[in-house]
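As given, the protein sequences belong to chains H and L, one line each in that order.
First residue of the first sequence: 4, per our numbering; consecutive thereafter.
First residue of the second sequence: 24, per our numbering; consecutive thereafter.
Check before you lean on any hint, since a few could be wrong.
[Said to hold, decoys possible] From chain H, some residues computed to sit far from chain L (all C-beta separations above 12 angstroms):
no. : residue
1   : Pro323
2   : Asn388
3   : Lys517
4   : Lys531
5   : Arg550
6   : Tyr637
7   : Tyr641
8   : Asn656
[Stated by the list, open to error] Derived contacts from chain H toward chain L, CB cut-off under 8 angstroms, selection only:
no. : residue
9   : Ala293
10  : Pro362
11  : Ala364
12  : Ser577
13  : Phe584
14  : Asn587
15  : Asn589
16  : Tyr591
17  : Gly636
18  : Thr640
Rather than coming from a laboratory, the hints here were simulated on the basis of the structure.
Only a predicted model underlies this, so the values are computations on that prediction, with no experimental measurement involved.
Backbone N, C-alpha and C define an ideal beta-carbon position, used for all residues, glycine too.
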Amino acid sequence: MRPIFLFILTFFVISKSYSQVDPVLVNDTLSVNELNEVLITATRTYRQLSSLPLPAQIITKKEIKETNRTRLNNILNEQTGLITVQNFIGGEGIQMQGLGSEYTLVLVDGVPLVGRSAGTLDISRLAVGNIKQIEIVKGASSSLYGSEALGGVINIITDNPKKNGFNGDINYNYGTFNTRDANLNLDYKKDKFSINTFINRNSSDGYDLINAVDANTIDPYSNYTFNTKVNYDLNNNTKLYASGRYFLQDQDYIPTETEVGKIKVNEWNTHLKVNHKYSEKWSSYFEFYATRYKAEDYLNNVSDNTLFSASDYNELLVRPEVRATYNPNDKTAFIAGIGLDHETLVRTDFATNPEFNSPYAYFQYDGNPNEKVNIILGARFDKHNAYKSQFSPKGAIRYKLNDNLAIKGSVGYGFKAPDFRQLYFDLAGIAGYTILGYNSVSSRIPEMLANGEIEDESDILVPLSLFNDKLKPESSISYNLGVDYKPTSSLKLGLNLFRNDIQDLIDTQLIANKVNGSGVYSYYNVNKAFTQGLEFNTTWRTSNNLRISGGYQLLFAKEKEAIELFKNGQAFASTPGSPSFQLNENDYFGLYNRSKHMANLKIFYNFSKHNLTTNLRANYRSKYGLFDTNSNGYLDTYDDFVGAYTLWNWAINKTFYNNYEIGFGIDNIFDFTDTPEYENDSVFIGNIPGRIIYAKLNFKF
Amino acid sequence: MKTIKLFTLLAIFIGFSPCSVNDDEPTLLEVETELVSNFYAPQLGGQGQPVSGDFTKFDFTTGAVTTSTDEWDIAFRGTDIIINGGTSSGETDEPARTGNVAAYIANGTMASVTMVDASLLDQDTLNAHVLANWYTYSGPPNHLILPTAGKILVIKTRDGKYAKIEILSYYKDAPENPNAYSDEDRYFTFNYEYNPNEGEITFQ
Numbered sequence: 004m005r006p007i008f009l010f011i012l013t014f015f016v017i018s019k020s021y022s023q024v025d026p027v028l029v030n031d032t033l034s035v036n037e038l039n040e041v042l043i044t045a046t047r048t049y050r051q052l053s054s055l056p057l058p059a060q061i062i063t064k065k066e067i068k069e070t071n072r073t074r075l076n077n078i079l080n081e082q083t084g085l086i087t088v089q090n091f092i093g094g095e096g097i098q099m100q101g102l103g104s105e106y107t108l109v110l111v112d113g114v115p116l117v118g119r120s121a122g123t124l125d126i127s128r129l130a131v132g133n134i135k136q137i138e139i140v141k142g143a144s145s146s147l148y149g150s151e152a153l154g155g156v157i158n159i160i161t162d163n164p165k166k167n168g169f170n171g172d173i174n175y176n177y178g179t180f181n182t183r184d185a186n187l188n189l190d191y192k193k194d195k196f197s198i199n200t201f202i203n204r205n206s207s208d209g210y211d212l213i214n215a216v217d218a219n220t221i222d223p224y225s226n227y228t229f230n231t232k233v234n235y236d237l238n239n240n241t242k243l244y245a246s247g248r249y250f251l252q253d254q255d256y257i258p259t260e261t262e263v264g265k266i267k268v269n270e271w272n273t274h275l276k277v278n279h280k281y282s283e284k285w286s287s288y289f290e291f292y293a294t295r296y297k298a299e300d301y302l303n304n305v306s307d308n309t310l311f312s313a314s315d316y317n318e319l320l321v322r323p324e325v326r327a328t329y330n331p332n333d334k335t336a337f338i339a340g341i342g343l344d345h346e347t348l349v350r351t352d353f354a355t356n357p358e359f360n361s362p363y364a365y366f367q368y369d370g371n372p373n374e375k376v377n378i379i380l381g382a383r384f385d386k387h388n389a390y391k392s393q394f395s396p397k398g399a400i401r402y403k404l405n406d407n408l409a410i411k412g413s414v415g416y417g418f419k420a421p422d423f424r425q426l427y428f429d430l431a432g433i434a435g436y437t438i439l440g441y442n443s444v445s446s447r448i449p450e451m452l453a454n455g456e457i458e459d460e461s462d463i464l465v466p467l468s469l470f471n472d473k474l475k476p477e478s479s480i481s482y483n484l485g486v487d488y489k490p491t492s493s494l495k496l497g498l499n500l501f502r503n504d505i506q507d508l509i510d511t512q513l514i515a516n517k518v519n520g521s522g523v524y525s526y527y528n529v530n531k532a533f534t535q536g537l538e539f540n541t542t543w544r545t546s547n548n549l550r551i552s553g554g555y556q557l558l559f560a561k562e563k564e565a566i567e568l569f570k571n572g573q574a575f576a577s578t579p580g581s582p583s584f585q586l587n588e589n590d591y592f593g594l595y596n597r598s599k600h601m602a603n604l605k606i607f608y609n610f611s612k613h614n615l616t617t618n619l620r621a622n623y624r625s626k627y628g629l630f631d632t633n634s635n636g637y638l639d640t641y642d643d644f645v646g647a648y649t650l651w652n653w654a655i656n657k658t659f660y661n662n663y664e665i666g667f668g669i670d671n672i673f674d675f676t677d678t679p680e681y682e683n684d685s686v687f688i689g690n691i692p693g694r695i696i697y698a699k700l701n702f703k704f
Numbered sequence: 024m025k026t027i028k029l030f031t032l033l034a035i036f037i038g039f040s041p042c043s044v045n046d047d048e049p050t051l052l053e054v055e056t057e058l059v060s061n062f063y064a065p066q067l068g069g070q071g072q073p074v075s076g077d078f079t080k081f082d083f084t085t086g087a088v089t090t091s092t093d094e095w096d097i098a099f100r101g102t103d104i105i106i107n108g109g110t111s112s113g114e115t116d117e118p119a120r121t122g123n124v125a126a127y128i129a130n131g132t133m134a135s136v137t138m139v140d141a142s143l144l145d146q147d148t149l150n151a152h153v154l155a156n157w158y159t160y161s162g163p164p165n166h167l168i169l170p171t172a173g174k175i176l177v178i179k180t181r182d183g184k185y186a187k188i189e190i191l192s193y194y195k196d197a198p199e200n201p202n203a204y205s206d207e208d209r210y211f212t213f214n215y216e217y218n219p220n221e222g223e224i225t226f227q
């Protein structure tokens, strides 16, 4: 309770003191700016945020700069209802509406990033120094984007040169743990031609939360990002766009005293687009996108420098797409597209080198039947060679009661295709176990029987006939119901209720016993789960100088089968070495890594006379569980939890002579960390390193 | 209405009247409640190699370890638990079944499993050991073998008596926070209750 109380108290004390110091000035240009906020992610057409029937949010360049964020995970962790979760190999994946990283699509300029080697897409690899805005659309969006868009979509929009001539900026940020982030932006624009180059280097010495063990929690790393974009307008109606991005990371890999190695990540993206306008009403886009993500790691024995282990991962996605828009009037937009996803993967521990081919088509209507009503209707069909084809419809409606109040609702279908790993894995773990992808089971189990790894038929626990069918994609139906309320031009309130009903969740099960006493595991569709809750956001601009915003998310994320099990008294718990006891329905806590409450409070103040901005941001998260610690397979009230915490961040920036800026800040002011309590304790927070003090220099030219 | 009230009153009175004790019944032996610590059940092989080695056998009559070929009820080797009843699955060094032991795994606690459900009793077969699913492997990063909560092993011994077992730990000295890397494994700690009265299916 205390952190919440502290929050409310701070909110009132600060807002009161400011309103006393500063006479409240209501400036009408503020609301005009807001009306101009436009996003492309929600409908794939430029669309005003404030009139959208879907829950969506824009994070501006201004906020990124004023808070001195350098990586995508830093900035997203400060938004309502978003949190990054670390997977077991250290990647930072985003959680949205209680759905994990596997179920959230991450795009850069409208095209997806790949490289989910363990399901998680590591978003800490994205630099934010060239971003114009980050667009977030919540709720299933597979009707436009296909696989992975169950929980929602995050689209990173990079900036384009605005002024003619040669412009640029250099940014350098240095902080605790020897964290360095250097940016260079170079822009050139001449009328119809523009080019932008962005270079970023980011490095850190890592950190260690467990003093008892010789391994670091995060090992030292350094990475580079290169991004070049070219825009050329052939004429008023035809526009060309080309973009290339290259990312390179080198990280130490020292899991124990006896082994040492490296992890290398290599990623490139190319994106070409031709946009042609036939008339006021008709336009078309021809797009070609290709990306490759490569990760390689090795470990050597320290004693004799021989190879201990090595693995590699090499994924390619190629996507041609054509889409057309038709605007019969300025209130109605139709969009339709067809495309093909071609994906390949070469990976250690894989039974084959798989190839996915998935042609798709989508269609959407966005219109206003009258002044008060906006409707979006859309659907997409994805055909697939390795899993069941998917049809994903979506509908949304917004009703404007008056100028201050509007209600909006949407229902949509989302799915996530089984990944390569779930279909084709053939991994022999160090401890003797084997993990097989769904499609590998029917060929590999007979082989293991033949070569004696499995003794006889009796050790096969699940009939192999269950693996003859195709594995079903995980899917969900998402419901959102919200209210936008603007009592005055300076105050904005938004409430959204959400529910995601998830089916066919893919889990692992033991399918056979091995002669060595270990098991063979594979993937299967079984679980049904839901995430539901509410999200509340408010922004209050008392003047041009002061902005206060707050957000809160209430979340329930549970497995339906588990609820029944607890209700029927079939769930038990025990601590190792002690007898079991029965649990009741109130003891079921829900899914791992989910906090029931998350809240944030941000205060931005601008001393315009002194060209100085400062802000204080607090992020609260209630307790959550990392995994089952009392051997019943579920998270219950008797498990070990990570406790609730609040992180306070402060930043200050001052501009001199228009072009020079210095900044200073402290992340995690109160130096919060959650470290293991005993040797082998895995219930701790690995991605909060403690207090970070940094300084920033920025020079524009 | 009046009649219903009367019946209810009557029912309550009958319910409260003390049960009559039948003095003719023979006195039963008391149910034995024991804790067995660090019951060592080693195996050879494993971690990629074929498993072999003698099973460590347990006899409920004596409540002790035995090496007898016939006088045993259940036996342990690593995570494998077998009973002296049914047929051998033919694993290396697996003893022949000479008795008629039967068993099943009940969902519950030691306190809640008060009676044997004879219809569930089963024996080891060529295909499966009835008591195989007593544990959960935690997987990476801890790689622990943990007794699954709420699994009570119910056993009909070779001489027709009943016992129930709850396994508490697979690691030496049953630590509260076991460590698969530093704690010695294959040391069972378990609670059991044994009713020494033949054919008596309750544990009270």
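- Looking back at the hints listed earlier, which ones does the structure fail to meet? 3, 6, 7, 9, 10, 11, 14, 15, 16 and 18
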